[in-house]
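So you can see what is in the structure, the chains are spelled out below.
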Amino acid sequence: MTEHRIGTQEEWQAARAELLAQEKEHTRRGDELAAKRRELPWVPVEKEYTFETERGAKTLAGLFDGRSQLMVYHFMFGPDYEAGCPVCTSIADTLAPQVPHLKAKDTTLLLASRAPLAKLTVYKKRMGWGIRPPSNRTRACAGPTRRDTSQRALA
Amino acid sequence: MCGTDAAGYVAEGPGLSVYALSDGTVYRTYVSTARGLEPAMAYYALLDRTPSGRDESATEPLWLRRHDEYETS
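Residue numbers (our numbering), protein chains in the order written: chain P, 1 to 155; chain H, 1001 to 1073.
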């Protein structure tokens, strides 16, 4: 026997209606936050980064692949890992099928890791992803996806 | 966390960075980490609509596995 509160259909309808109002408020608040994200100032990237990719060495600008927007997920696969981080792997499972949709909106999506490209390519094949994983030649904290404590606090 | 040792695991951090390319200049426009990455964890948003939820615990091991490492699928 469940220990959860049991109610009638009418009780459920009333509670659901109240929750729906809060869900809608949450949605609208999300729209406001998205607008604020788009209003953030743009910061020029001064440092020259080089990435090893399956299509040769690329600069950060080269990773855009002809599009105007670039999204890079820093995937936890350190040089000594035998396999990618399980949580990052589940995230990449979500991201991989989004690539064609994002391309349609002028956006390139890539995974970047510190492990050698050969390791990443083998793991990508194991997981069945189509995202090209570039290997960042620069070290972790110097990379374009470096951890930013001010951003972290907002997360 | 098989495939990653503890030291190697904590040496890395996940993050999502967004850049814009305009007139040949690359600009960083957005960065997020930690729970800011949840939009890329679709299963959490779905499980948030189930009775048991995400079933995360500070004491129990994480249930999440690589998709080819679950005992049943």
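Honestly, I wouldn't trust all of these hints.
[Stated by the list, open to error] Interface residues of chain P toward chain H, partial, derived using beta-carbon atoms under 7 Å:
| hint | residue |
| --- | --- |
| 1 | Thr8 |
| 2 | Phe64 |
| 3 | Thr89 |
| 4 | His101 |
| 5 | Thr121 |
[Said to hold, decoys possible] Take a look, some chain P residues computed to stay more than 10 Å from chain H by CB distance:
| hint | residue |
| --- | --- |
| 6 | Ile6 |
| 7 | Pro44 |
| 8 | Val99 |
| 9 | Val122 |
Note that these hints are calculated values from the structure, not bench results.
Just so you know, even glycine gets a beta-carbon here, dropped at the ideal spot from N, CA and C.
Evaluated hints:
| no. | hint | verdict |
| --- | --- | --- |
| 1 | Thr8 | violated (18 Å) |
| 2 | Phe64 | holds (5 Å) |
| 3 | Thr89 | holds (5 Å) |
| 4 | His101 | violated (13 Å) |
| 5 | Thr121 | violated (16 Å) |
| 6 | Ile6 | holds (13 Å) |
| 7 | Pro44 | violated (6 Å) |
| 8 | Val99 | holds (13 Å) |
| 9 | Val122 | holds (12 Å) |
Hint compliance for this structure: hints 1, 4, 5, 7 are broken, all remaining hints hold.
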